[in-house]
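K.L.:
For reference, the chains in residue letters:
There are 2 protein chains.
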Amino acid sequence: MTVKIFPTARDAQNAFYEALERADLEAMMTVWSEDEDIVCVHPAGQRLAGQAEVREVWRQMFASGPTMRMRITQQVVIAGVMLEVHSVHENITIAGEQRPRPPMVATNVYLRTAAGWRMIAHHASPASVQPAAEPPSASPKILH
Amino acid sequence: MTVKIFPTARDAQNAFYEALERADLEAMMTVWSEDEDIVCVHPAGQRLAGQAEVREVWRQMFASGPTMRMRITQQVVIAGVMLEVHSVHENITIAGEQRPRPPMVATNVYLRTAAGWRMIAHHASPASVQPAAEPPSASPKILH
Numbered sequence: 515m516t517v518k519i520f521p522t523a524r525d526a527q528n529a530f531y532e533a534l535e536r537a538d539l540e541a542m543m544t545v546w547s548e549d550e551d552i553v554c555v556h557p558a559g560q561r562l563a564g565q566a567e568v569r570e571v572w573r574q575m576f577a578s579g580p581t582m583r584m585r586i587t588q589q590v591v592i593a594g595v596m597l598e599v600h601s602v603h604e605n606i607t608i609a610g611e612q613r614p615r616p617p618m619v620a621t622n623v624y625l626r627t628a629a630g631w632r633m634i635a636h637h638a639s640p641a642s643v644q645p646a647a648e649p650p651s652a653s654p655k656i657l658h
Numbered sequence: 515m516t517v518k519i520f521p522t523a524r525d526a527q528n529a530f531y532e533a534l535e536r537a538d539l540e541a542m543m544t545v546w547s548e549d550e551d552i553v554c555v556h557p558a559g560q561r562l563a564g565q566a567e568v569r570e571v572w573r574q575m576f577a578s579g580p581t582m583r584m585r586i587t588q589q590v591v592i593a594g595v596m597l598e599v600h601s602v603h604e605n606i607t608i609a610g611e612q613r614p615r616p617p618m619v620a621t622n623v624y625l626r627t628a629a630g631w632r633m634i635a636h637h638a639s640p641a642s643v644q645p646a647a648e649p650p651s652a653s654p655k656i657l658h
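Protein chains in written order, with the numbering used here: chain D, 515 to 658; chain G, 515 to 658.
These are calculated hints, taken from the structure and not from any lab test. Just so we're clear, the structure is a prediction, and the values are computed from it rather than from any experiment.
Repeated chains share a single entry, so a pair holds when one copy, or any two copies, can fit it.
Here are the simulated SDA-like pairs of lysine to any residue, each with C-alpha atoms no more than 25 Å apart in a straight line:
hint, residue 1, residue 2
1, K518, E550
2, K518, A529
3, K518, A541
4, K518, A593
5, K518, G594
Take these sequences, add in the hints, and give me the full structure.
P.N.:
Here you go:
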């Protein structure tokens with residue numbers, strides 16, 4: 515396996531959601547920092563810390579194969595030299611369903627490492643329902 | 515008002531939860547980065563970005579005065595030179611109630627700024643219920 519280098523945090527994030535859609539465990543773990551210092555909170559509220567815990571729960575989630583399409587909206591980026599925080603809405607459509615489920619709000623934290631940008635924390639939970647009048651934000655809102 | 519300097523991310527976090535308990539809006543905003551680049555997700559799922567939005571919702575939450583006691587457990591710290599991520603369980607007891615509510619899981623991201631350590635992101639959501647057999651972790655689990 516070649517080691518993947520993500521030149522930007524956005525590249526790492528794209529790879530994260532592609533791995534989720536493809537239910538590809540190795541691609542998913544390539545996005546994460548190789549350090550033991552990683553934290554992942556899935557929408558059900560279980561907090562996972564360290565490589566083994568994080569990997570095991572993705573493995574369980576991916577066991578039934580690709581089942582989700584992800585559309586990322588309402589992105590807010592906090593960009594630093596060594597760190598980026600991407601706050602997004604995840605609009606998830608389950609295979610066989612016509613419409614996306616109510617959105618999740620996710621906080622994704624990326625660190626610039628010797629091996630490029632990697633995820634160190636992911637926290638997703640149900641978003642409050644947006645008013646129907648609000649237009650979907652196609653372009654990311656970049657604060658910095 | 516004197517500007518508060520937090521020499522460590524832990525100091526900033528202690529001030530964050532003290533401000534929450536005291537419903538002290540000015541103390542709360544002193545914990546946050548002075549940049550526009552801040553993001554806050556409360557357990558109901560509303561994502562707030564920028565100083566004005568973040569401040570306004572804390573103002574609303576604090577309008578009825580101090581109502582909560584916070585006990586922080588199961589802390590995992592990801593520590594870098596310029597950045598720390600603290601993942602914690604928030605055990606919240608509401609005034610007049612005997613027992614804490616079911617815990618929240620929070621991801622707190624701190625940045626080392628010219629004005630000391632400041633919060634740049636807070637994401638809290640309901641934690642999955644822990645098995646009763648698990649002992650409460652009194653001491654923080656530090657990975658790094």
